[in-house]
Structure formats: C-alpha cells, structure tokens
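Generate the whole structure from the sequences, applying the supplied hints.
Residue numbering for the sequence shown follows this note's numbering, starting at -13 and increasing by one per position.
Please note that the accuracy of each hint is not assured.
[To be verified] Each pair of labels, with its calculated beta carbon distance range: (1) Arg235 x Ile55: 51 to 57 Å; (2) Ala124 x Thr187: 37 to 43 Å; (3) Leu128 x Arg242: 49 to 55 Å.
[Unchecked claim] Derived pair list, reagent style BS3-like, types lysine-lysine, alpha-carbon separation capped at 27 Å: (4) Lys200 x Lys236; (5) Lys247 x Lys236; (6) Lys25 x Lys(-3); (7) Lys(-3) x Lys247.
If you're looking for bench data, these hints aren't it; they were derived computationally from the structure.
A quick note: this is a predicted structure, and the numbers were derived from the prediction, not measured.
Cβ atoms here follow ideal geometry from the backbone N, Cα and C, with glycine treated the same way.
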Amino acid sequence: MDITDRMQAVKDGPIGWMVFNNPARRNAVSVGMWQAIPKILDVFEADPDIRVIVLKGAGDKAFISGADISEFEEQRSSSEAVQRYEETAEEAGRRLVLSPKPTIAMIHGFCFGGGVGTALNCDLRIADDSARFAVPAARLGLGYRMSGVKRLMDVVGPAFTKEIFFTARPFNAAEALAMGLVNRVVPDAELDNYVRGYCATIADNAPLTMLALKRTVAEVLKAGPQVDRAACEEWVRQCFASEDYVEGRKAFMEKRKPTFKGR
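The following block contains the structure:
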C-alpha cells in the first residue's frame, strides 16, 4: 500500500515494512513523508497479525540521508515555517517512540541527520557494514530539539552525543556499534535475511510482555519523581492476568512452542 508516492506500507507475514521511497534523493524525507509516518503506524498497529514494524530505505544507497533540503526555502524560510516543520517531524518521531509494537530501523548506506533521529525513535537498530552515520547540524547552522538530543544521549551517553554533534563528521558502522548507536552490524549481503530472522524471533514472543517492557523502559528513562511506578506494576499485573501467560505456562509444561495472541 502506498500512503504517498514516497512512503510505502507493506505487510509481509508478521512484519510491517515502512519504506522511505525517495531513492533519487537518497531517501531524504519531505514534509509529506513525515506526515505519512503516523498514517502507516495507524495501519500497522491496528493489524493484530503484524508483530514487528521495520523501517527501511528504498534502493541501495541509503536508509535516510536526512531532511529534503530542496524544501528548506519553502518549509524553513521563517520562524513560523520552521516551527510547523519541526512540529510535523516531532509528531512523526513521537508516534514511532510510542508505538505499542517493536520497531526496528534496518540501516543500509547513508543514515544522516533526520535518518539518525528516525533510527533513534525505533526500539532497535540493525545496520550492515556499508552504513554511514552523521548528524551535520553544526555544518548547516541548525538548532536541534531537546527531544532529539535526549534520544541520542539515552542511547550513546553524553560524551558520544557531544562528539557526534561537535564534529558533525561521518562515522562507519563499526564506530556506531562501539558507541551503542546500533544493536548489530552484519555483512551487506546478509542484512535482509538477518532482519527477517530477527523479526521472526520477536514475533514468536508474547506481545503483552514486550509492550510492558517497552513502556517500563520509557518510564525508567524519566527523571526520578516522574517515574510512574504504579503504572509499571499494573503492566506486570496485566501480563500475569493474560491468556498468553496461561498459554506460555501450558506450552512450557507440554514442551511445545507457545502460540501467543496478544491478549
């Protein structure tokens, strides 16, 4: 399904593929593409058969090379226009972060600027050895929203966050792995199969457990007094009260693979 000519939503078994389809511009993201992200998530999140959402770039050059600079004169020509643009991109990122389903950024080639931000809004990041990363805001004179800085700092820590922003230099997949920016790096030719296998492993697990974990991690990352401990305990209670918990125990005793339904 094409949400726009530059954003595609593809269902493939338990995987929902969100494809950034702007290969002529190395999948640079336009305003219309940011606006399409919540729409695709609406479709995937409403489908109980989809257990994992994977973001990827079309073509063989890039995951996402950043924002579409060709729109800057129109979309960032005034403070009001900048605010509208930033709010649109922020909402797309917020929806990715809050998705109840596991999200994975499958990174091949260039992952620059907004590409890094989009990958950080996913739960997991898997790259191949062709991947190249950079946040070149300092080379363009751009400000960076606190939410984006926090996401990067939560993943790589303050020292690497400063290095990435201060130098604005490209770095390779091995460096990204050492920083903790990506979870795995695999050979270029193996990326697709690896991600599919990774998704199959996740899809076999209990959706409510993963949702509870995802929400709890988000709470733990908040400042101390803001952590909702009662909510975390309630998510645990919901897991123990679920049909999936009964199925998991039964399958363990019967020495078989469980069939989880997310309820």
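Tested hints:
no. : hint                        : in the structure
1   : Arg235 x Ile55: 51 to 57 Å  : 55 Å, holds
2   : Ala124 x Thr187: 37 to 43 Å : 39 Å, holds
3   : Leu128 x Arg242: 49 to 55 Å : 54 Å, holds
4   : Lys200 x Lys236             : 25 Å, holds
5   : Lys247 x Lys236             : 14 Å, holds
6   : Lys25 x Lys(-3)             : 14 Å, holds
7   : Lys(-3) x Lys247            : 18 Å, holds
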